[in-house]
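There are 2 protein chains.
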Amino acid sequence: MTNDPLPLAIVLVSGGLDSCVTAAIAAQTHTLAFLHVNYGQRTEHRERKAFLELADAFQVSETHRLDVDITHLARIGGSSLTQLDMDVSEADLENEDIPTSYVPFRNANILAIAVSWAEVIGAEDIFIGAVAEDGSGYPDCRPEFFEAFNQVIHTGTKPDTHIRIRGPLLHMTKKEIVLKGIELNAPLDKTWSCYQSGDKACGVCDSCALRLRGFQQAGVRDPLPYTVRPFYVPES
Amino acid sequence: MTNDPLPLAIVLVSGGLDSCVTAAIAAQTHTLAFLHVNYGQRTEHRERKAFLELADAFQVSETHRLDVDITHLARIGGSSLTQLDMDVSEADLENEDIPTSYVPFRNANILAIAVSWAEVIGAEDIFIGAVAEDGSGYPDCRPEFFEAFNQVIHTGTKPDTHIRIRGPLLHMTKKEIVLKGIELNAPLDKTWSCYQSGDKACGVCDSCALRLRGFQQAGVRDPLPYTVRPFYVPES
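Here the protein sequences come in this chain order: V and X. 1 is the number of the first residue of the first sequence in my numbering; add one for each residue after it. 1 is the number of the first residue of the second sequence in my numbering; add one for each residue after it.
If you are wondering where the hints come from, they were derived from the structure by calculation, not from laboratory data. Just so you know, these numbers come straight off a predicted model, no measurement behind them. All residues carry an ideal CB built from backbone N, CA and C; glycine is no exception. Accuracy of the hints is not assured; some may be wrong.
Restricting the straight-line Cα-Cα distance to at most 30 Å, the calculated cross-link-like pairs of lysine-lysine (DSBU-like) are [said to hold, decoys possible]:
id: 1; chain 1: V; residue 1: Lys-158; chain 2: X; residue 2: Lys-175
id: 2; chain 1: V; residue 1: Lys-158; chain 2: V; residue 2: Lys-49
id: 3; chain 1: X; residue 1: Lys-200; chain 2: X; residue 2: Lys-180
id: 4; chain 1: V; residue 1: Lys-180; chain 2: V; residue 2: Lys-200
id: 5; chain 1: V; residue 1: Lys-175; chain 2: V; residue 2: Lys-49
id: 6; chain 1: X; residue 1: Lys-158; chain 2: V; residue 2: Lys-175
Okay, the calculated bits of chain V under chain X, using three or more residues with CB under 8 Å as the criterion [as the list claims (entries may be wrong)]:
id: 7; region: 66-78
id: 8; region: 97-106
id: 9; region: 140-146
id: 10; region: 156-169
id: 11; region: 181-194
From the derived model, a few chain V residues whose C-beta atoms are all more than 12 Å from chain X [claimed, not checked]:
id: 12; residue: Gln-28
id: 13; residue: Arg-42
id: 14; residue: Asn-109
id: 15; residue: Ile-110
id: 16; residue: Leu-111
id: 17; residue: Phe-149
Chain V on its own, in the form it takes in the complex (with noise of 0.2 Å):
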């Protein structure tokens, strides 16, 4: 124990590869506050149960744990996520277009609780796990978007409060990320990354290609068990 302790930072922590990650990067320099949200995504029991898992890897004390419900997404619709009658796209990792998993204007509603938390709990950063290069396509990732929110946050918070959004792992690959996590001994095992539910990641998704390349790219085998574990063609 130190007696000066180490500033307040709010990371939002899905549950997956990169929010893990992200939390082991602000845990070098801050006291860490983890925030999760219920979407009414597929998978959210899954992902809850990675949520609690690395909160107690992280050791995060129980005031510093918010769980917020905003199902209401879910209700709104309008992405193969949410809604159980639209198909979880299958990865298409060159095809530019956004993919059918994306959730309307999903960081900006996570991104505004976090801020609302961050004025009242006294944190001035907020670590988001998003990832513009090698990414998604999902528009609500990009580093504009962010740099637009942080004008928002300057514009609309009391006059005495600097909060910011910090995104390490925004220009990074998903080999950076996986080597990063390894560097820092971020429990990856206790991470769940894939858009699917069942026991096994479905390896064939988005999000899952998009992590076991990394994995692969890194010459690293993922801990988690996959359903199947396709091979990507490193790019030359």
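Put chain X on the given structure of chain V with help from the hints.
Chain X only, in chain V's frame:
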């Protein structure tokens, strides 16, 4: 009925005077969809009644009414509107401090939901009854905040959407809002603005004080019943 339907707009409807007049302005050019949120405010029960009566008055179809629970903002706290152990500040219309009724970053939370809904139902305009001039002192009611939010929408939604926030009351005084509502035959008798609960409006909270001063300056009697009707000296 016309064969050329009006474009769809979402109106944020708290149930207060400002949202009612905003809906009346939007109704001149758009088919209306109404969004109401419960953020755990003390007077939600009364506000929701006003919302439903206004939706009926504006003939909003059932599929275009969305009522969302974001009571996690009350769990997060930080406002006298949601924390019963904090007093609602009495009005001091000359005081430039942020009032205790400020709910941290509330408007960003509500607008994020509206944008998600707009993206799914195909609405391009989101009307909010925020007032900057003669206003409440809330940081998330300032024109700079809405300009920044429009940039967040531009960067964070699908490229083929063109959603924008419209705040027709932003630069109006309460007097002008009252006069506009009367000009457009807005159902002002169905609205509720008071921050206290009760059968009658209290007349002394920030919101009542602003409203009553507006009616007084417009030379019109507010149709709502009040416990106290203080007299505000008009500015010279």
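Comparing the hints with the structure gives:
Restraint check for Lys-158(V) and Lys-175(X): the C-alpha separation of about 27 Å stays at or below 30 Å, so the hint holds. A C-alpha spacing of about 35 Å is found between Lys-158(V) and Lys-49(V), which places the hinted pair above 30 Å, so the restraint is violated. Pair hint Lys-200(X) plus Lys-180(X) holds up; C-alpha atoms about 24 Å apart against a cutoff of 30 Å. At most 30 Å may separate the alpha-carbon atoms for a hinted pair to count; Lys-180(V) and Lys-200(V) meet this at roughly 24 Å.
As the CA atoms of Lys-175(V) and Lys-49(V) are separated by approximately 25 Å, the hinted pair is consistent with the 30 Å bound. Taking the CA atoms of Lys-158(X) and Lys-175(V), the gap is near 27 Å; set against the 30 Å cutoff, the hint holds. Under a criterion of three residues with beta carbons nearer than 8 Å to beta carbons of chain X, the stated coverage of the region 66-78 of chain V is upheld, 10 such residues being counted. Only residues whose beta carbon comes within less than 8 Å of a beta carbon in chain X count, and the region 97-106 of chain V has 6; three or more means the coverage holds.
Check on the region 140-146 of chain V: 4 of its residues sit with their Cβ under 8 Å from a Cβ of chain X, so the three-residue criterion for coverage holds. Counting residues of the region 156-169 of chain V whose beta carbon lies closer than 8 Å to any beta carbon of chain X gives 4, which reaches the threshold of three, so the coverage claim holds. Note: the region 181-194 of chain V has 0 residues with beta-carbon separation from chain X under 8 Å; the three-residue rule is not met and the coverage is violated. A cut-off of 12 Å between C-beta atoms confirms that Gln-28(V) is not in contact with chain X; the least separation is 26 Å.
At roughly 18 Å from the closest C-beta of chain X, the C-beta of Arg-42(V) stays outside 12 Å, upholding its exclusion from the interface. Asn-109(V), annotated as away from the interface, has a beta carbon of chain X within 12 Å; the closest lies near 4 Å. Against the 12 Å criterion, Ile-110(V) falls within the reach of chain X, whose nearest CB is about 8 Å from its own CB. The beta carbon of Leu-111(V) sits about 8 Å from the closest Cβ of chain X, which is not more than 12 Å, so the claim that it is off the interface is violated.
With a least beta-carbon separation of about 5 Å from chain X, Phe-149(V) fails to lie farther than 12 Å from that chain, contradicting its non-interface assignment.
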